[in-house]
Amino acid sequence: MTETNKSEVEIAESTVEGRVEMAAAEASFDAVGLLNKVVRASGLSQREIAEALGVGESRVSQVLSGDGNLRITTLARYLRAAGYSLRLEALPVDPAANALSKPRSRGRRDADARKATGAALMKCWESPVLSSSGVGRAYTFHASAGRATR
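Residue numbers (UniProt numbering): 1 to 150.
Calculated directly from the structure, the hints in this document are not laboratory data. Every value quoted in this text rests on a predicted model; they were computed, and no experiment measured them. Treat each hint with caution, since some may be false.
Here are the computed lysine to aspartate or glutamate pairs in the EDC-like style, where the Cα-Cα straight-line distance is at most 20 Å [unchecked claim]:
1) Lys-37 to Glu-48
2) Lys-6 to Glu-17
3) Lys-37 to Glu-26
4) Lys-37 to Asp-67
5) Lys-6 to Asp-30
6) Lys-37 to Glu-89
7) Lys-37 to Glu-21
Listed next, with one range per pair, are the computed distances between beta-carbon atoms [stated by the list, open to error]:
8) Gly-54 to Ala-25: 25 to 33 Å
9) Gly-56 to Ser-7: 36 to 44 Å
10) Ile-11 to Arg-80: 37 to 45 Å
11) Arg-59 to Ser-14: 35 to 43 Å
Where is the CB? At the ideal position from N, CA and C, for every residue including glycine.
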């Protein structure tokens with residue numbers, strides 16, 4: 001097939017850069033699709049989601065329609081507001097590639113990763129949305145473990 005007879009997808013997937021961009025576009029499409037599916041399943045209105053998140057209803061509409069780049073933290077917040085949590089999974093593209101398994105302890109690197117994760121979680125935990133919702137009063141955040149408990 002000549003270059004002029006190839007589809008845009010075939011042309012994009014013929015280069016490493018194109019495959020990377022296609023993967024990003026597919027992930028974005030999947031994230032918005034998942035978010036819409038969860039919102040429908042929750043039975044909540046866009047107004048209720050907006051109130052839970054402390055944003056305008058127009059912003060919720062914009063996110064649900066796929067406008068803009070959706071951050072992972074934003075996706076997690078929207079899902080949680082609808083009563084769901086986010087779980088990410090990485091799958092090998094090449095069937096011959098090694099599947100991911102539970103990571104083995106790497107000593108100092110794992111401790112540094114836990115510390116960074118704990119700091120990021122603490123930043124989210126102290127956000128105005130969580131503070132005003134009373135979540136901080138219902139849970140105790142354990143920064144050293146990077147988790148919250150009742």
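Looking back at the hints listed earlier, which ones does the structure fail to meet? Failing hints, ascending: 5 and 7.
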